[in-house]
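Taking the hints into account, I'd like the entire structure generated from these sequences.
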Amino acid sequence: MGKQDFMSEMSSKFQHMSKSQKIIASYISDHYDQAVFMTAAELGNTLKISESTVVRFAMMMGYDGYPDFQKALEAWVKEQLTDMQRLGVRTGASSQSEILKSVLQSDMDKIHDTILHMDPSAFDTAIQIILKARKVYISGIRSCAPLADFLNFYLSMIRQDVYCLKTTSMSETFEQMIRINERDCFIGISFPRYSMRTLKAMEFANDRNAKIISITDTIHSPMCMYSSCNLLARSDMVSIVDSLVAPLSVINALVVGLCLKRPTEVRNSLQTLEEVWNNYQVYLNDEINFIDDEPILNYPLRKEEEEEPEHE
1 MGKQDFMSEM
11 SSKFQHMSKS
21 QKIIASYISD
31 HYDQAVFMTA
41 AELGNTLKIS
51 ESTVVRFAMM
61 MGYDGYPDFQ
71 KALEAWVKEQ
81 LTDMQRLGVR
91 TGASSQSEIL
101 KSVLQSDMDK
111 IHDTILHMDP
121 SAFDTAIQII
131 LKARKVYISG
141 IRSCAPLADF
151 LNFYLSMIRQ
161 DVYCLKTTSM
171 SETFEQMIRI
181 NERDCFIGIS
191 FPRYSMRTLK
201 AMEFANDRNA
211 KIISITDTIH
221 SPMCMYSSCN
231 LLARSDMVSI
241 VDSLVAPLSV
251 INALVVGLCL
261 KRPTEVRNSL
271 QTLEEVWNNY
281 QVYLNDEINF
291 IDDEPILNYP
301 LRKEEEEEPE
311 HE
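Note that my numbering has the sequence shown beginning at 1, numbered continuously upward.
Bear in mind the hints are in silico, worked out from the structure with no lab data behind them.
All clues given are correct.
Cut-off 20 Å, straight-line C-alpha distance, at most; resulting in silico cross-link-like pairs (SDA-like, lysine to any residue):
| id | residue 1 | residue 2 |
| --- | --- | --- |
| 1 | LYS200 | SER12 |
| 2 | LYS135 | LYS166 |
| 3 | LYS13 | ILE219 |
| 4 | LYS48 | MET38 |
What follows is the structure, encoded as structure tokens:
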């Protein structure tokens, strides 16, 4: 299997796994660097499940047994390291300006590809789902955490009851969304390597009949298994860094679209924030002056200052 194929294949089968198999898959996804050195017995002891269950998991994945599965995992890990080594060779022979140009051009290509493949109806549906939802839950971990934080920050200005799930514990994730139901919306953000924690949270939300939006890379992503609305943005791993420019642009467009649907709420939120900032001296007066000229809303959001008398 290729670099992404191993983990993608495991993620794609996640929905049909038993409870014990999901525990194994989640652990391998999150701790592959440790699991690659474990025997079936050691992995079973770590997860408090039987060795035979681990072996059956390997066979369910299409391997002859656990040793065959472990070799495939080892090959996947080595391939990642090989890619990093190749990067070192390439960048070592390139000037800094060449690297800058190459990375920026690559990001531009990803945005262009996202424009070509974005489904406008899915984008419109996502906006309607978010506006109508009682509560909005957002999940994104590892490199996707900044995307989740960005979306959470601006959604909180547009509407109430927005929750960004922040924890490294799966049990705490469920605790934070324990009251999710059919009136709510869940937004899962994940790109290769796909997050098992986000996938399990989406499964839980789906079981509770919540509306689910996925922000991921392709229609073949396991994140699409539970979502009714998929926003696809191209994201490739360039060296050791995931390129998240296109996903961020999609989220930015989503925020702008929502702002245009709720201009009054956004205006009031911005006006209240500026008053708080001024009252508590959060910013110096010359550090913030954006509300009156807000281009998205085109609203004068602050009372006009009284005109000073002209000097004679």
